[in-house]
Amino acid sequence: GAVVSQHPSRVICKSGTSVKIECRSLDFQATTMFWYRQFPKQSLMLMATSNEGSKATYEQGVEKDKFLINHASLTLSTLTVTSAHPEDSSFYICSASIQETQYFGPGTRLLVL
Amino acid sequence: GQQVMQIPQYQHVQEGEDFTTYCNSSTTLSNIQWYKQRPGGHPVFLIQLVKSGEVKKQKRLTFQFGEAKKNSSLHITATQTTDVGTYFCAGPRGSGGGADGLTFGKGTHLIIQP
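Residue numbers (our numbering), protein chains in the order written: chain A, 42 to 154; chain B, 234 to 347.
Just so you know, these hints were derived from the structure itself, not from any lab.
Any given hint could be a false lead.
Said to hold, decoys possible - In silico DSS-like cross-links for lysine-lysine, where the CA-CA straight-line distance does not exceed 30 Å:
1. B:Lys303 <-> A:Lys55
2. B:Lys290 <-> B:Lys303
3. A:Lys105 <-> B:Lys339
4. A:Lys55 <-> A:Lys107
5. B:Lys292 <-> B:Lys339
6. B:Lys289 <-> A:Lys82
7. A:Lys96 <-> B:Lys339
8. A:Lys82 <-> B:Lys290
9. B:Lys269 <-> B:Lys290
10. A:Lys96 <-> A:Lys55
11. B:Lys289 <-> B:Lys339
12. B:Lys292 <-> A:Lys82
13. B:Lys284 <-> B:Lys339
14. A:Lys105 <-> A:Lys55
15. B:Lys339 <-> A:Lys107
16. B:Lys339 <-> A:Lys82
17. B:Lys269 <-> A:Lys61
18. B:Lys269 <-> B:Lys339
19. A:Lys61 <-> B:Lys339
20. A:Lys82 <-> B:Lys269
21. A:Lys61 <-> A:Lys96
Predicted model only: the values in this text are computed from it and were never measured.
With the hints as constraints, model all of the structure from the sequences given.
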């Protein structure tokens with residue numbers, strides 16, 4: 042099946058710093074990738090749709106200036122959490138779709154102190 | 234907007250008992266997908282149902298898609314400790330085709346007592 046990787050798997054940072062998370066499709070090209078966020082014991086919530094070569098589409102309530110998304114190539118999308126605060130601590134998961142099936146990366150656990 | 238509701242939120246069963254989780258969408262879905270997330274892990278795709286009234290089986294797991302394509306269920310027969318985790322249903326946002334992401338239900342946490 043399709044493989045999606047994420048890096049880093051876990052990151053701890055100080056409040057006010059920025060953190061970059063990478064999402065890669067390893068064996069296929071993805072013109073569209075998705076970024077989700079999952080708080081403990083809760084479901085996945087779509088944050089934004091990352092489109093190769095164009096601007097990302099953000100869901101209502103998600104600040105585009107805080108969560109910067111860059112889809113530089115057909116195999117790489119990055120999410121940068123700028124000026125992170127403790128309330129940004131969460132599990133961030135990317136996915137890419139092939140024929141309506143979404144393949145998820147292993148996720149990145151972000152802890153902001 | 235589209236809502237996907239899932240019940241129950243938690244289910245405790247004894248090992249060997251059956252388990253069912255139910256999913257309801259506020260809108261008709263082009264397809265419905267089921268995922269399993271183990272504690273500390275990420276969601277793993279289980280199956281996709283497309284046709285009205287469709288039933289699919291994977292060993293002890295039986296998936297159903299309602300006739301109106303708005304509800305679905307996952308039934309596990311004779312649960313085992315390896316079934317522990319959270320089961321999510323998800324429907325495509327927009328018209329489907331994989332271009333708009335998924336709306337997830339809140340998930341059902343399956344807890345199995347040996």
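Output the indices of the hints that this structure fails to meet, ascending.
1
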